[in-house]
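Peer 1: Residues per chain, in single letters:
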Amino acid sequence: MAKKNRVTLLAASLLTTSLMLSACGGNNNAGNEASQSADSEATSTNTTNTNTTATNTSADDKVDPFGKYDPPITVHSVRMALPDDRFENGDTNENNVWTREYESALGIKLVYDWLGDPSGDSNKMDISIASNDIPDAFGVNTKQMNQLVEGEQIQDLTEVWEKYASPALKELGNQDGGLALKAATFDGKLMAIPKFGGNITSADILWIRTDWLDKLGLQPPKTMDELLKISEAFITKDPDGNGKNDTFGLAISKELSGLTGFYNGFHAYPGIWVKDDSGKLVNGNIAPEMKTALGKLQELYKAGYLDKEFAVKDGGKVIESISQNKVGIYFGANWYSYWPFNDARKQNPGMEWKPFPIVSADDKPAVPGVGFPVYEYYVAKDGFEHPEVIVKMLNLWLERAYGETADWAKYSVSAKGTELFQYPIFQVFAPNKDVPDNYLAVKEAVDSKDTSKLNPEQKSLFEKITAFLNGDQEQWATYRQAGPTESSFEVLAGYKDTLLTTGYLGANTPTMVEKQGVLDKLQNETFTKIIMGAAPVDEFDKFVEQWKKLGGDQITTEVNEWFSKQQ
Amino acid sequence: MFHRPSFKYRTFSVFNYVFLIILSLLCLAPMVHVLAISFSTSTAASAGLVKLWPVDATLASYSFILSNSQFVKSFLISIERCILGVSISMFFTILLAYPLSKEMKDFRFRTLYAWYFMFTVLFGGGLIPWYMTIKMLSLDNSIWGLVLPGAVQVFNAVLMLNFFRGLPKELEESAFIDGASHWTTLWRILVPISMPSIATILLFSFVGQWNSWFDGLILMKSPDKYPLATYLQTIIIKPDFNKISMLQAKHMSEISDRTTKAAQIIVGSLPILLVYPFLQRFFVKGIVVGSVKE
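Order-wise, the sequence lines are chains A and B. Each number in this note's numbering corresponds to the 1-based position in the first sequence with 7 added. For the second sequence, position 8 matches number -3 in this note's numbering, and the numbering has no gaps at all.
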């Protein structure tokens, strides 16, 4: 009897332990607790120097965006640590050229309460937020920003932005028509400064092995049909000349990533929210155009033009196939020239990839669809006395990296190639920086040989590009990305006026948080089945119905509620 | 005496051995694969050419990781954590198991105490309260934060107390008759004959300390204080292929580091592999047989 009891007890304890473990794993708990416990009090900053009556408080309207605190103030923050190999001359995460600049130019002593996992895990931040153990000013993702706003843990930055933002910073914030600022605005209050950035650089590029094209005597594609013919030739005509049918045209992986450009060619926009005829936002994954695109993929699979085993190969495996000289067509990012192509080229002499615009399946031009470019927001703790330090540090970043005092080797990329621009804790990039600004400036300079108008970043690009033109193969990746012709920036510049940005800029809605995983899984399974011919194309209609029922309709309503509020 | 095993038995044995050998090979294959990658050149590894034997064998990855100060630092932290954690945990587990193994008449509040400890197995505070407690005790960012919170493993104590109960009572009684106190009886009589169960718990505890990574990630304030498991976690988890940025991509192009990762995994699992053979000899049964005449 006693023994039996013991066994039951043991079993019970084991079960409970496993339950507890699984409960601890989820971040959602952390989130809920955050909103409950957070508003308790705003622990006043014992860290900031309360004696400071700095230059900025004296005059109400006229403040100096670059004003120096005297005596200096201490600002607590946190960040993801950069690995040691990103530093030179004994610099560290805590003490580097940028932290010293903050101190000498602005009188801000930056202290990191902790440095997070360099791989970017957000667990530590989630726990800090949930236990209200947050620093003075720091960067968070969209979900965390929402939590902080709900928990009233951060403060309104509207006034700070108006007063302290330098003209350069303000101009940059308006380049996207104020979209990013809108995304950080809650009930008319600017609760965070978005990390501005461009989304044109997330548009898909069509990369093709041009050495194979030349070998088979083919022209670059103008339409989807031509592209598929090339894909066929890459499979059947042995472009690598090893006498075996072991090459693929279009590469796809089990995540079905790397197909966005293909879908866009059919005017389908997966993963983003598109305005329909009635002015409402609809999810691109369930649009009828998607069905057409899937039908085409099914045909290709049946004809043997896609990897028979794609359903078990992840993105990493596809990259391996590229290194193994087996892939000829790849939809993807503009920087693929750096990775994976540059590696693959080193292993396969003669390999050449060139970027092309995505192609359309009909007479309407293909339009690339892109998501929202802002994924990080800078916030200041409720009760922190100097919320303006965020804006001031951003002013300084723009000034030292792109302004009149810019010194590329001192603040951005050192002579040894160390990327100093990764050090600033707060940082923004002009949405137009890469394309069209850098692209056009460098192109013009290459034509005219006049570098006087280039900023330091552009000058560095210019030097690499001229080196490539003079035969330096080391600069191949840079040239293919940013060169004047046959580069992905050239392709992107061509997209500039047509680009379709997602209509929804907010964070995940409650139903998204709850259901997105299920919906994604359903979608991936259905699409994979359709492509492999295990289900007819009409299965797509059933998928749409299920998608709506399983929370998709709810999500669409939430998204449109947000949308109507933003109008 | 030497009668031949039946045909049925022999067939069974053959299939049984074949099956078990295949099973163990299947379990070994991934380890061997990682071992092979760790000895290969990175070009071969990133092209996926390495199967079970190194291609262009080289020790480059090993010399790289041994010169990588972070790896060495984390390795030492893990060793320190294991030594501290295992000894503290063993001490408290034994101390807890001994009184709880007594009967009600010897230890009146036994049930009360037993439930007090069982409660912590059944209900946990959750991650945030756990974190806040440790922070308020100022144990965060120190090795003690990794060692002390898990010092008393109730599950291990239950194993231990059951073993104590299985021991002949007469041993203890004779010790008492000779004038030994509880303390002496526990450490001089019970512990030495409980080696099989102590070895088991030691192993559990060691593997637990060596492998646990989440607490290091949450409690340490900077990556150079991570224990090895946390450090390995941060470098080995693959970035989501859809979400990597250009900066990460550039970094990957600079070091195609599959071989380095493999070498770190191998070196990281060495201590665990080494511990097993040393504890093996304690896994012997019947150590108390013959100690009592009945």
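Don't read these hints as lab results, they were simulated from the structure. Please note that a few of the clues may not be correct.
[Stated by the list, open to error] Quick list of in silico lysine-lysine cross-link-like pairs, DSS-like style, CA-CA up to 30 Å:
hint	chain 1	residue 1	chain 2	residue 2
1	A	Lys361	A	Lys371
2	B	Lys210	A	Lys417
3	A	Lys503	A	Lys460
4	A	Lys116	B	Lys250
5	A	Lys371	A	Lys236
6	B	Lys214	A	Lys131
7	A	Lys503	A	Lys177
8	A	Lys177	A	Lys282
9	A	Lys116	B	Lys40
10	B	Lys40	A	Lys423
11	A	Lys287	A	Lys503
12	B	Lys124	A	Lys131
13	A	Lys333	B	Lys250
14	A	Lys522	A	Lys324
15	A	Lys261	B	Lys40
16	B	Lys62	A	Lys423
17	A	Lys536	A	Lys503
18	A	Lys131	B	Lys250
19	A	Lys261	A	Lys361
20	A	Lys150	B	Lys214
21	A	Lys189	A	Lys282
22	A	Lys361	A	Lys460
23	A	Lys528	A	Lys303
24	A	Lys572	A	Lys196
25	A	Lys324	B	Lys124
26	B	Lys62	B	Lys158
27	A	Lys131	B	Lys210
28	A	Lys536	A	Lys555
29	A	Lys116	B	Lys210
30	B	Lys250	A	Lys261
31	A	Lys131	A	Lys150
32	A	Lys116	B	Lys62
33	A	Lys423	B	Lys124
34	A	Lys333	B	Lys40
35	B	Lys210	A	Lys150
36	A	Lys315	B	Lys40
[As the list claims (entries may be wrong)] Going by beta-carbon spacing under 8 Å, a handful of chain B positions derived as facing chain A:
hint	residue
37	Thr32
38	Gln59
39	Val61
40	Lys62
The C-beta atom is built at its ideal place from N, Cα and C for all residues, glycine as well.
Peer 1: Give a verdict on every hint.
Peer 2: Outcome of the hint check:
For the given pair, lysine 361/A sits about 24 Å from lysine 371/A by alpha-carbon distance, which is consistent with the 30 Å threshold. Between lysine 210/B and lysine 417/A the CA atoms are separated by roughly 29 Å; this keeps the pair inside 30 Å, and the hint holds. For a cut-off of 30 Å, the pair hint linking lysine 503/A to lysine 460/A stands: about 23 Å separates their Cα positions. This hinted pair does not check out: lysine 116/A and lysine 250/B have alpha carbons roughly 37 Å apart, beyond 30 Å.
Our distance criterion of 30 Å between C-alpha atoms is met by lysine 371/A and lysine 236/A, whose separation comes to about 20 Å. A distance of roughly 15 Å separates the Cα atoms of lysine 214/B and lysine 131/A; the hinted pair therefore holds under the 30 Å criterion. About 22 Å separates the Cα atoms of lysine 503/A and lysine 177/A, which keeps this hinted pair within 30 Å; it holds. The hinted pair formed by lysine 177/A and lysine 282/A meets the criterion: a straight-line CA distance of about 29 Å does not exceed 30 Å.
The suggested pairing of lysine 116/A with lysine 40/B is violated, with an alpha-carbon distance near 52 Å, which exceeds 30 Å. About 37 Å separates the Cα atoms of lysine 40/B and lysine 423/A, which puts this hinted pair outside 30 Å; it is violated. Our distance criterion of 30 Å between C-alpha atoms is met by lysine 287/A and lysine 503/A, whose separation comes to about 24 Å. The straight-line distance between the Cα atoms of lysine 124/B and lysine 131/A is roughly 13 Å, inside the 30 Å bound, and the hint therefore holds.
For the suggested pair lysine 333/A and lysine 250/B, the alpha carbons sit about 26 Å apart, so the restraint of at most 30 Å is met. A hinted pair counts as satisfied when its Cα atoms are at most 30 Å apart, and lysine 522/A with lysine 324/A qualifies at roughly 29 Å. Annotation: proposed proximity of lysine 261/A to lysine 40/B holds, straight-line Cα distance about 22 Å (limit 30 Å). Between lysine 62/B and lysine 423/A the alpha-carbon distance is near 27 Å, which keeps this suggested pair within the 30 Å criterion.
With a C-alpha separation of about 35 Å, the suggested pairing of lysine 536/A with lysine 503/A is violated against the 30 Å cut-off. About 24 Å separates the Cα atoms of lysine 131/A and lysine 250/B, which keeps this hinted pair within 30 Å; it holds. Distance check on the hinted pair: lysine 261/A and lysine 361/A sit about 25 Å apart at the alpha-carbon level, within 30 Å; holds. Taking the CA atoms of lysine 150/A and lysine 214/B, the gap is about 28 Å. The hint holds against a cut of 30 Å.
For the given pair, lysine 189/A sits about 18 Å from lysine 282/A by alpha-carbon distance, which is consistent with the 30 Å threshold. As the CA atoms of lysine 361/A and lysine 460/A are separated by approximately 29 Å, the hinted pair is consistent with the 30 Å bound. Using a Cα cut-off of 30 Å, the hinted pair lysine 528/A and lysine 303/A holds, with the two alpha carbons roughly 22 Å apart. Note on lysine 572/A and lysine 196/A: the hinted pairing holds, with a Cα-Cα distance of about 14 Å set against a maximum of 30 Å.
Between lysine 324/A and lysine 124/B the CA atoms are separated by roughly 43 Å; this puts the pair beyond 30 Å, and the hint is violated. Taken as a hint, the lysine 62/B and lysine 158/B pair is broken in the structure, with Cα atoms around 48 Å apart against an allowance of 30 Å. Of the pairs offered as hints, the one joining lysine 131/A and lysine 210/B holds, with about 10 Å between alpha carbons and a cut-off of 30 Å not exceeded. The hinted pair formed by lysine 536/A and lysine 555/A meets the criterion: a straight-line CA distance of about 19 Å does not exceed 30 Å.
Proximity of lysine 116/A to lysine 210/B is assessed by CA-CA distance (about 19 Å); at most 30 Å being required, the pair is judged to hold. Of the supplied pair hints, the one linking lysine 250/B and lysine 261/A holds, its CA atoms being roughly 24 Å apart against a limit of 30 Å. Between lysine 131/A and lysine 150/A, the direct Cα distance comes to roughly 14 Å. Compliance with the 30 Å bound is thereby established for this hinted pair. Between the alpha carbons of lysine 116/A and lysine 62/B the distance comes to roughly 29 Å, so the proposed pair stays at or under 30 Å and holds.
Simply put, lysine 423/A and lysine 124/B have alpha-carbon atoms about 41 Å apart, too far for the 30 Å limit, and the pair is violated. Under the criterion of a C-alpha separation no larger than 30 Å, the hint pairing lysine 333/A with lysine 40/B is consistent with the structure, at around 19 Å. With a CA separation close to 23 Å, the supplied pair lysine 210/B and lysine 150/A stays within the 30 Å bound. Among the hinted pairs, lysine 315/A with lysine 40/B is consistent with the structure: their alpha-carbon atoms are about 22 Å apart, no more than 30 Å.
Checking threonine 32/B against chain A: minimum C-beta separation of about 6 Å stays under 8 Å; hint holds. Against a cut-off of 8 Å between C-beta atoms, the interface hint on glutamine 59/B holds, since the closest Cβ of chain A lies about 7 Å away. With a least beta-carbon distance of about 12 Å to chain A, the hint placing valine 61/B at the interface is violated under the 8 Å criterion. The criterion of a C-beta within 8 Å of any C-beta in chain A is not met by lysine 62/B, whose closest approach is roughly 11 Å, and the hint is violated.
Checked against the numbered hints given earlier, the structure breaks hints 4, 9, 10, 17, 25, 26, 33, 39, 40 and satisfies all the rest.
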